[in-house]
Amino acid sequence: MKRIIVLTILFTNLIFANSLKSNEFVRVTHSEPIYKEVRINKPIQECYEKEYRQKIYDDNYSSNNNSIGIDTIVGVTAGAILGNQIGKGNGNTAAKIVGGLIGGKIANELRSNSFNNYHYETRYETKYEKVRTKRVITGYRNYFNYDGIRYSKVTKNPKKRIRVYKTIDF
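To convert a position in the sequence shown, counted from 1, into our numbering, add 22.
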């Protein structure tokens, strides 16, 4: 009695489903690797120095570089003394004036350079140089025959057999 009920349910499902599904394993005739070209790059590190100017502010000094400070007065005096050693008569007076102006200018430049320091920073940049290309296996194409027709399926590894799902609609 139970068998008759089970068989009746099975056949009614087949009639209303209108399809029959099955699966089986098929032997693979051969597998071929699938290759991809991959670029191999070599890292190269490039170094270069970058110059930048940094302003230093100090509360003890005025930020105006055109002002006359003690260092400028000392520079003018030293330049005038050195200029006094050169020339005679009116040439001596001209040498004192020119020496004082040059000494003041040098002292003023030294002060302005202490406020505007040049710094160098080493920077590194990594670039890549193409060295070669390499063939890499990305998968396998597995060939098999089913019902007299040749098929192929791509997988990550080579297979010895492939599962085939068959659906029959009626």
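Check before you lean on any hint, since a few could be wrong.
Below 35 Å or equal to it, Euclidean Cα-Cα: the simulated DSBU-like pairs (lysine-lysine) are [unchecked claim]:
{"no.": "1", "residue 1": "K182", "residue 2": "K156"}
{"no.": "2", "residue 1": "K72", "residue 2": "K127"}
{"no.": "3", "residue 1": "K152", "residue 2": "K64"}
{"no.": "4", "residue 1": "K175", "residue 2": "K188"}
{"no.": "5", "residue 1": "K64", "residue 2": "K149"}
{"no.": "6", "residue 1": "K178", "residue 2": "K149"}
{"no.": "7", "residue 1": "K182", "residue 2": "K152"}
{"no.": "8", "residue 1": "K43", "residue 2": "K149"}
{"no.": "9", "residue 1": "K178", "residue 2": "K156"}
{"no.": "10", "residue 1": "K58", "residue 2": "K178"}
{"no.": "11", "residue 1": "K156", "residue 2": "K175"}
{"no.": "12", "residue 1": "K58", "residue 2": "K182"}
{"no.": "13", "residue 1": "K127", "residue 2": "K110"}
{"no.": "14", "residue 1": "K156", "residue 2": "K64"}
{"no.": "15", "residue 1": "K24", "residue 2": "K43"}
{"no.": "16", "residue 1": "K149", "residue 2": "K72"}
{"no.": "17", "residue 1": "K72", "residue 2": "K152"}
{"no.": "18", "residue 1": "K58", "residue 2": "K127"}
{"no.": "19", "residue 1": "K58", "residue 2": "K175"}
{"no.": "20", "residue 1": "K181", "residue 2": "K58"}
{"no.": "21", "residue 1": "K58", "residue 2": "K156"}
{"no.": "22", "residue 1": "K43", "residue 2": "K188"}
{"no.": "23", "residue 1": "K72", "residue 2": "K182"}
{"no.": "24", "residue 1": "K178", "residue 2": "K188"}
{"no.": "25", "residue 1": "K58", "residue 2": "K152"}
{"no.": "26", "residue 1": "K24", "residue 2": "K188"}
{"no.": "27", "residue 1": "K182", "residue 2": "K43"}
{"no.": "28", "residue 1": "K175", "residue 2": "K43"}
{"no.": "29", "residue 1": "K64", "residue 2": "K188"}
{"no.": "30", "residue 1": "K43", "residue 2": "K181"}
{"no.": "31", "residue 1": "K156", "residue 2": "K188"}
Derived Cβ-Cβ restraints for the label pairs, each shown as a range [unchecked claim]:
{"no.": "32", "residue 1": "K110", "residue 2": "T144", "range": "28 to 34 Å"}
{"no.": "33", "residue 1": "Y70", "residue 2": "T155", "range": "38 to 44 Å"}
{"no.": "34", "residue 1": "E59", "residue 2": "Y146", "range": "16 to 22 Å"}
{"no.": "35", "residue 1": "K156", "residue 2": "I190", "range": "43 to 49 Å"}
{"no.": "36", "residue 1": "K110", "residue 2": "L132", "range": "48 to 54 Å"}
Read the hints as simulated data drawn from the structure, not as lab findings. Everything numeric in this text was worked out from a predicted model, so none of it was measured. Just so it is clear, CB atoms sit at the ideal spot from N, CA and C, and this is done for glycine as well.
What's the verdict on K178 and K149, does the C-alpha distance respect the 35 Å limit or exceed it?
Distance ~33 Å between K178 and K149 Cα, so the pair holds.
Between K175 and K188, is the straight-line Cα distance small enough, at 35 Å or below?
At roughly 15 Å apart (the allowed maximum being 35 Å), K188 and K175 satisfy the hint.
Holds or violated: K149 and K72, Cα atoms, limit 35 Å.
holds (18 Å)
Go ahead and decide if the range 43 to 49 Å is satisfied by the Cβ distance of K156 to I190.
holds (47 Å)
Holds or violated: K178 with K156, Cα cutoff 35 Å?
holds (19 Å)
Check the hint pairing K127 with K110 against an upper bound of 35 Å on the C-alpha distance.
Within the cut-off at roughly 24 Å; holds.
Need the status of pair K152, K64: alpha-carbon distance at most 35 Å?
Given that 35 Å is the threshold and the Cα spacing comes to 6 Å, the pair holds.
Next pair to validate is K182 with K152; report whether the Cα-Cα distance is within 35 Å.
The given pair, whose Cα atoms are some 39 Å apart, is violated under the 35 Å limit.
Take a quick look at whether K156 and K64 sit within 35 Å of each other, Cα to Cα.
Answer holds: K156 to K64 is near 13 Å, not above 35 Å.
Measure nothing beyond the straight line between the CA atoms of K58 and K156; if it is 35 Å or shorter, mark the hint as holding.
Cα-Cα ~8 Å, so holds.
Are the Cα atoms of K182 and K156 separated by 35 Å or less?
holds (28 Å)
If I claimed the Cβ atoms of Y70 and T155 lie 38 to 44 Å apart, would that claim hold in this structure?
violated (30 Å)
Checked against the numbered hints listed earlier, the structure breaks hints 7, 8, 18, 23, 29, 31, 32, 33, 34 and 36; every other hint is satisfied.
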